[in-house]
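Asker: This is what each chain is made of:
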Amino acid sequence: MEYILIIISAVLVNNIVLTRFLGLCPCLGVSNRFSNAVGMCGAVIFVMTLATIVTYLVNTYILNPLHIGYLQTVAYILVIAALVQMVEIILKKVSRPLYQALGVFLPLITTNCTVLGVAILVIQKEYNLLESVVFAMANAIGFSMALILFSSIREQLDLADVPEGMRGTPITLVIAGLLSLAFMGFAGIVH
Amino acid sequence: MMSIERSRAISIWKNFTKGFLRENPVFVLVLGICPTLGVTTSAVNGLGMGLAATFVLVMSNMVVSLIKSLVPDDVRIPCFIVVIASFVTIVDLVMSAYTPALHAQLGLFLPLIVVNCIILGRAEAYASKNPVWLSVIDGLSMGLGFTFALTLLGGVRELLGSGAVFGHKFITGDGILVFILAPGAFIVLGYMIALVRLVNKTD
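Here the protein sequences come in this chain order: S and C. Heads up, the first sequence is in the working numbering, so the first residue is 3 and it goes up one at a time. Heads up, the second sequence is in the working numbering, so the first residue is 5 and it goes up one at a time.
Check the hints yourself; a few may be wrong.
Some chain C residues near chain S, calculated using beta-carbon distances under 8 Å [what the hints assert, rightly or not]:
{"no.": "1", "residue": "97"}
{"no.": "2", "residue": "121"}
{"no.": "3", "residue": "186"}
{"no.": "4", "residue": "198"}
{"no.": "5", "residue": "202"}
Calculated from the structure, these hints are not laboratory results. Positions of the beta carbon are idealized from the N, C-alpha and C atoms, including for glycine.
Given these sequences and hints, build the entire structure.
Answerer: In structure tokens form, the structure reads like this:
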């Protein structure tokens, strides 16, 4: 039950993109085509789960015993950058088709603030390892949902007659606002 | 002789002012959107976040420019990130000691300055190719432009949402609450980018 609550909370109530404002750059960047969005989602789900596990272990077994918690930011970003690089190399060797599908999106993920954000949130919320994994996956799914919703709307938008000044980023942000407004309807389901 | 100095002064001035409207990181380049939307529930929060990012931007630009010839090309991005992360940690610790209330308000977005695209972007695109003092001016320009954008956005949202700016009430009664909440952030920024485009076009 507890895990289901974590999932509902992360996907619908506190959606990482629409209410926590994380990962907006990739959302605005790759959401113009549906196929790009799907590729990005796959890469994020994979990396976010893996990164959360590794940073959780780094925090519990290295930073805490040595009392160097203030190095959290430096340590995490290094771990994430190294991990993304490693995943890229391994994918290239092991699974060519998967690499071709996700490859171009992997370097973008290092600067995706959702990955670092979730890794820090997990520590702040004092989750255990299993809860952390569920939380990370649920957030990645929430991110994917927002991204796919976005890209589908933007593909339709190509056909609409938008005033010149509002084309591109401004109209996308207004759409994000309306989506966010819709997601506010879920508030209160769980804390 | 005089005119050379003068044109240099003008180009430095242009380098400094570009961050405000012409190349404003938020309104024109649309970088660093996450903290822009996340913390601007009030003008004070926007200002605090902007100044913290400015400090990191200036210092990291300076250090990156100093070490640019020592760093091998292949590992430059991790090196730059470590430099940035060190300054972010300094800001985080200083703010939690001296301004605990603001630190609590900014919360997660302070450590996330590390992955702010503006900072790594300027280190990579400008500081790693230019001399130290130009990089510092570039950092100041971009940082203050970011601060300007955040304070403006925070001010507008605070005014619409609660009828106040910097905590001073201008309009009596309740504001339109939605502008303080998440949807308001997206909608206000969307219209502001459209406005800045209009201004830049007429210039």
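Asker: Please go over all the hints and tell whether each is borne out by the structure.
Answerer: Here is how each hint holds up against the structure:
no. : hint : in the structure
1   : 97   : holds (6 Å)
2   : 121  : holds (6 Å)
3   : 186  : holds (5 Å)
4   : 198  : holds (4 Å)
5   : 202  : holds (6 Å)
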